[in-house]
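Participant: So the chains spell out like this:
There are 2 protein chains.
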Amino acid sequence: MDDARIRINIRVVSGLMKNPPPNALLTDFYQLAMAQAYFESQMRDTAVFELFVRRLPKSRQFLVAGGLEQAVAYLEQLRFTGEDLAYLSSLGKFSAPFLDHLGTVRFTGALHAMPEGTPFFADEPILRVTAPILEAQLLESRLLNIVHFQTTIASKAARCVIAARGRQLVDFGMRRAHEADAGLFAARAAYLAGFDATATVAAGQRFGIPLSGTMAHSFIEAHDSEQAAFRNFVRSRREPTTLLVDTYDTERALQRVIGLAEELKAAAPMAGGIRAVRIDSGDLAQQARRARAALDAHGLGDVQIVLSGGLDEHQIEELLAAGVPADAFGVGTALDVSADAPALDMAYKLEEYAGRPRRKSSPGKATWPGAKQVYRERTATGQYLCDRVVRLEEAAVGRPLLGEVMRDGVPLAPPPPLGRVRESSRTELASLPPALRALGDVPQSYPVSISDALRSLAGSLDSAQARES
Amino acid sequence: MDDARIRINIRVVSGLMKNPPPNALLTDFYQLAMAQAYFESQMRDTAVFELFVRRLPKSRQFLVAGGLEQAVAYLEQLRFTGEDLAYLSSLGKFSAPFLDHLGTVRFTGALHAMPEGTPFFADEPILRVTAPILEAQLLESRLLNIVHFQTTIASKAARCVIAARGRQLVDFGMRRAHEADAGLFAARAAYLAGFDATATVAAGQRFGIPLSGTMAHSFIEAHDSEQAAFRNFVRSRREPTTLLVDTYDTERALQRVIGLAEELKAAAPMAGGIRAVRIDSGDLAQQARRARAALDAHGLGDVQIVLSGGLDEHQIEELLAAGVPADAFGVGTALDVSADAPALDMAYKLEEYAGRPRRKSSPGKATWPGAKQVYRERTATGQYLCDRVVRLEEAAVGRPLLGEVMRDGVPLAPPPPLGRVRESSRTELASLPPALRALGDVPQSYPVSISDALRSLAGSLDSAQARES
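Top to bottom, those sequences are chains H and G.
Heads up, the first sequence is in my numbering, so the first residue is -12 and it goes up one at a time.
Heads up, the second sequence is in my numbering, so the first residue is -12 and it goes up one at a time.
Just so you know, these hints were derived from the structure itself, not from any lab.
Treat the hints loosely; a few may be bogus.
Same chains, same names: a pair is fine if it fits in one copy or spans any two.
As the list claims (entries may be wrong) - In silico SDA-like cross-links for lysine to any residue, where the CA-CA straight-line distance does not exceed 20 Å: (1) LYS80 <-> GLU27; (2) LYS252 <-> GLN214; (3) LYS80 <-> PRO197; (4) LYS45 <-> ALA326; (5) LYS80 <-> PRO227.
Use the sequences and the hints to build the structure in full.
Facilitator: Okay, structure coming up:
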């Protein structure tokens, strides 16, 4: 009811214009089969679909919404090209009048959504599409594909942010992300959830995310000595840099770093310099402590320690709990594939058609019917107290989380800058009840209530369905 | 030594030309930092890098190579555009002479690889790049990103193919794949490993993979009765179609399907017809048995049963072991994110530079040095007997698996048609020792030997490294 109060700013960014996402055929075949049936049966009424997660993975106490900016760009740009229609025609499965109609399809509906970076819970709609059923149905596969991925990664990244307690976090994971887009959008999702930088250059170019990077073992190995490798690297950088010290023997490498630092000090002003050392294998805790001690003993207290090598939020938490002197962490594969929860039970379900609420009653997959809003109540200090899922027309205590983003197929405002999304996401993470910020697998009980009106609506639909049979 | 015998056919397909992959900046920042250091230190010699998996995931007895066609296209198209160079220049971290040089960089080296669809094991190189070190290093991140993903998915798909014992398998997973490319290339990787079809329309368009699809629950719910939904759907299809029977009550839905089938028979010749029913939730085994019995009892023995809903290879195996009458399976999320093993410990490591073998000795990450070949020995009936990893110049029993794919930056032949890759992949799967085809988590002991010459080379490099310090 209050959606207009919280309009979210969304517009296609120029980078996306230059690299258009895959076309309208990135959908499931059945969407087109159903579209033809809607078309031929003259079913043109308005449908309401909602996107939500049925159950949280065991290792998640909350999720973080991501991907809205790209979802809006997709809806705005959705159209079938002549080439698409020719391909569909070649399949011999679609009628000419339907394909003609498909060529004219645009998204003409409304989109309501939680802002990116909002923590949310099971059963809470995070997007709501209101549009003629043919359009609203066609969108399903790709809309889920976009929102599911960035939400999966932002949710994993948020856990790393909690674990790192303010230390720098860098996304190192592109090489094992699931193909190109995943590498790019994992960087974006991690950044919006509070990461500080990414190693993925294209993500810097496209999204303005700060870039970070050190050197690989191969660089050291290609040189005839580690000392020569360090020297060549430092000399070629325009800024203080990070040296990788675990290629052969970390202790000896550290002595070389210290020697080089002294050389550089003597030879100042040189262009380069040593900003940090990186340790990527072995006993990270022990090596970091020894590195810190060795560096400090030589007056190199400002040389930082970067840890990487198969890290996830649990290892970061353990390292810091043990007092390991780490200034930054590189997180790779565990982040970019969300290794412990690579998929969410996210669905996009019909809630209403032609003004009538709808409900599936398949075992384990029943949904709450009708268009809904989520209200979040907070304590006086801003901490989350509870959420309420209610029918759209109900009043409820708290603030509504879904705001109007598109109307008549047009975004209401440009998207918020990614940096601002990140700031508000960090604020929201800090507002979670402390029990939810714990990283263990024991499910915490954040209260999300389903309103009586919703329950009673679901009951009456089930009775009607039983009578119909 | 025998590489020329097994040239693999690779060329850029027209679809990829029309949708070029992301540009050269889809790489890690450190690749560019190292490239500048190589450039400024005049290190222009030839490097040999190999791509391999260090350890198999617990739930994999073998992996299946995928992504070579896209890897070749990437190498062929690699170049930095003016826009890329302007972005890099804007960072203030690279010298003008280096950026000028980067603008001229092309892949000019050689690529050797196992054919797509080849089963392989830990420690076996599946790709080998031989090129000036700056080029060979720059490629690392994106080459891994391409090969890692399709190998991950092809390896998961192969397990489903084994479990399905000849039943039809359809990829349903795009919506929860990790963004657009992952949806597209998961369909390709699943098909090359033996799947029969995909629901992802763009994958049909781009790769010629057969398309398959049914209907969603929302289609049923949008109608005022299930009966009307079934009728509208069948009427709108040009071919016999599949009806989803678990939206409300499967038993009642089946009676409706039977009624409709009788109507259609009476009204023949109608365009549409009922090819199958799909069950997507609840007790699949029980419902499939009841469906089969009900259909058979009404003379509908040719109406097939399609099962879906969170399936993976273990559930398929169990259903078939219990004799459940299923003709086809839709596999979604578990396949497209390889849920139980969403990433592989895949690496791309320097093995040789300037004619000298190289080796990292980091704990747990040590590599076998020098350029290598993998020989596979088979029994008289073609079953795999053992593999041998040897120095490139060694002779060995069996057939070499890595063949020459590119020379001087140019593919030696067009890529093999995907259908042929799929056929040979199915043959290879059938040649695995039976113990490796079991789907349990107990590691099987397929023998992969490391040659004495390799072991002795590694030992001598370690001693030399110890002396150097």
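Participant: Does each hint fit the structure? Answer for all of them.
Facilitator: Outcome of the hint check:
1. Taking CA atoms no more than 20 Å apart as the test, LYS80 paired with GLU27 passes inside one copy only; the shortest distance there is 14 Å, against 60 Å between copies.
2. Taking identical chains as interchangeable, the C-alpha atoms of LYS252 and GLN214 lie at most 20 Å apart only when both belong to the same chain, with a minimum of 16 Å there against 83 Å between chains.
3. In this assembly of identical chains, LYS80 and PRO197 lie within 20 Å of each other by CA distance solely across copies; the values are 13 Å between and 48 Å within a copy.
4. Proximity of LYS45 and ALA326 under a CA criterion of 20 Å is satisfied in both settings, with 13 Å inside one chain copy and 14 Å between copies.
5. Taking identical chains as interchangeable, the C-alpha atoms of LYS80 and PRO227 lie at most 20 Å apart only when they sit on different chains, with a minimum of 11 Å there against 62 Å within one chain.
In summary, the structure agrees with every hint in the numbered list given earlier.
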